[in-house]
Amino acid sequence: MRRYLPVLILAAVVIAVQLVVRAAGAVYYLTQATMAAYYCLVTVGLCLLMGYAGQISLGHAGFFAIGGYVSAFLTTLRLEAAAPASRFLSRLGVLAERQDLYENLLLGVSPWAALAAAVLATALVALVIGLPVIRLKGHYLAMATMGFGLIVFRVLLGTRFLGEADGIGGVPPLPLFGLEVSGGRAHRVESYYVAWALVLAALLLAVNLIHSRVGRALRSIHGGEEAANALGVNTTRYKLATFVLSAVFAGVAGVFLTHYNGGIGPSEAASMKSVRYVAIVAVGGMDNLWGTLIAGALLNFISLRGYLGSYDDAFFAGILILVMLFFPDGLLRPRWLKRGAP
Amino acid sequence: MPFDQILQYFLAGVTEGAIYATIAIGFNIIYNTTGIINFAQGEFLVLGGMIAVTLSAFLPLPLAIALAVAATMAVGALVDLVFIRWLASPSVLRLVVITIGVSILLREGMLHVWDEKVRALRHFTGSEISSVRFLGAHIAPQALWVLGIAAVIVAVLAIFFRFTLVGRAMRACAANRTAARLCGINTRWMVTLSFCLSAGIGALAGCALSPLTQTQYDMGAPLAIKGFTVAILGGLGNSMAAVAAGLILGLLEVFSISLLPLAYKDAVSLAVLLIVLFLRPGGLFGRLEAQRLKEF
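Protein sequences, first through last, are from chains A and B.
Quick note, the first sequence lines up with residues 1046 to 1387 if you use this note's numbering.
Quick note, the second sequence lines up with residues 47 to 342 if you use this note's numbering.
What the hints contain is simulated information worked out from the structure, not anything from laboratory work.
Heads up, a few of these hints could be off.
Claimed, not checked - Incomplete in silico selection of chain B near chain A, CB under 8 Å:
{"id": "1", "residue": "Val-159"}
{"id": "2", "residue": "Val-164"}
{"id": "3", "residue": "Phe-324"}
As the list claims (entries may be wrong) - Quick look at which bits of chain B chain A covers, simulated, 3 or more residues with Cβ under 8 Å:
{"id": "4", "region": "126-138"}
{"id": "5", "region": "141-147"}
{"id": "6", "region": "229-236"}
{"id": "7", "region": "265-271"}
{"id": "8", "region": "312-319"}
All C-beta atoms in this analysis are idealised placements derived from N, C-alpha and C, irrespective of residue type, glycine included.
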């Protein structure tokens, strides 16, 4: 029961924030709180990879962008209703109609089918990249993942049908049991709850994973990979699985944020974004899900509100250096935060 | 493709390759003395270029470049003194993350000092329209300067590491740090010196490059990653092989333009990096085991 206590506290905080913000008449804060939630989702996944499997990734913004772009591309397609391919797809039930600005009917892939495709694409890319990458260590691993992120960035920037530097706009909202994930003012509160519910679900999954056989195997890798291997833990497989899982977290976050923002641009794949995710996990204390979550929520919110002005990137770099110089085990690890962990 | 066009591409590739090779040598010097990959290497090029551009407004060009190199060397030494030197047995991951942070700080600092405008140093001789004819191809005098400077850097370094006391001390430090310390070599200062040296080489390359490709605050990272590709391709720590690897990558990039869109040019070299890392992490010319015996 103890390990779920933080989850309940988080749920209470999420509700409390909404009530306080409403009472204070500053509902617009929820917009940044929602976006921060999706970035938190990325860092929760990255925390599993960095803190528990002990592998750094400087390319997670790439996975975020792959998820977002696949979803954006598919949902903004303009298919011909009469074309045989569209007829086949519509029989599968994966197409959806939408209206443009002039009330013309457009035919694209439905958001949920696009979500499935985006998750699949992210997982597949992560698997193909991960197979060789995960065997690398130290700066080889850092450079290889950074290189992957840069390739994604360059390809997005140079590809005509993905909008080049402009990215893809006009992405329709994501319907969800009568609710809607979109940036419209009417859907602000429900989008906020959907975002944090997703983070909660991801956290539950992560917490359970850490306390399972898989989690123990991962920790043994972090402690000493050769020893773990000698004990019969298939370290490569566990590392790869964690890599793919954390990439999928990033991809899902990308899909949802794209629907929320109504579009996505290549800057989401920029290497600075990846460094920022790593900084947040480092502040949180590497193998500390709750610390990562708190750091992610606060830092992303501050940054998204624009309090840092043009010193945004410098702020994250400064934090990263300070933490690594003085607190290599992370800032946020008082004992009450570690209670759930063995 | 007609011969003179191939030659034209070839010369462009060699010029780019020479730059990548000098960046790779900068990586190698620091890697050999410390075991660190300095992710801020690309920023040294930009910093050198920027300072030289500013100084050249009121100083003669050679003096401006010399001062820029000296200033960047001081920054390099400062990076070591402030961020690296006093850490007691830090892990590789920690150092990687710290140098990444330093590179971003340098980049953001340059953004606030020099804004985001694209700047360029004067051509060392002639101007952007002058060219030398060579077997039917045209080559800019500045490209010759780049090649010449790269060659001089390689030659001077080779002499420095073989025949001077300090150079030999650095090699000893690379081969075995504890033994070097027992022989009375101050290994900490050797590390600082290696940062100085890398920064200076980077700054000089940045100055030579500036008239050709311009200098902008955020072009450090792409340059660094290509330099790193070359360093890996040649085998990390091996500077002579880095020259060959630099030429290979430069040529590969230039000829890729004739097949793929220009926008994908950077993606090509990154793909090369990933493939080499996966297939031959010891580099084209060496093995991982042989690489443990570090040699400049």
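Check of the region 126-138 of chain B against chain A for coverage (Cβ-Cβ below 8 Å, three residues minimum): holds (count 5)
Restraint outcome when Val-164 of chain B is required to lie within 8 Å of chain A by C-beta distance: Not OK, violated: Val-164 of chain B not within 8 Å of chain A, min 16 Å.
Verdict on chain A covering the region 141-147 of chain B, criterion of 3 CB contacts below 8 Å: holds (count 5)
Claimed coverage, the region 312-319 of chain B by chain A - three or more beta carbons nearer than 8 Å: With 5 residues closer than 8 Å to chain A, the region 312-319 of chain B meets the three-residue bar; holds.
Restraint check, 8 Å cut-off on beta carbons, for Phe-324 of chain B near chain A: Given a least distance of 4 Å, the restraint on Phe-324 of chain B holds.
Outcome, coverage hint (the region 265-271 of chain B, chain A; C-beta under 8 Å; three residues): Holds: 3 residues of the region 265-271 of chain B have a Cβ under 8 Å from chain A.
Cβ contact check, 8 Å cutoff: the region 229-236 of chain B against chain A, three residues minimum: Since 0 is below three, the answer is violated.
Supplied contact hint for Val-159 of chain B, tested at 8 Å Cβ to chain A: Violated. Min distance 12 Å.
Consistency note: the structure conflicts with the earlier hints numbered 1, 2 and 6.
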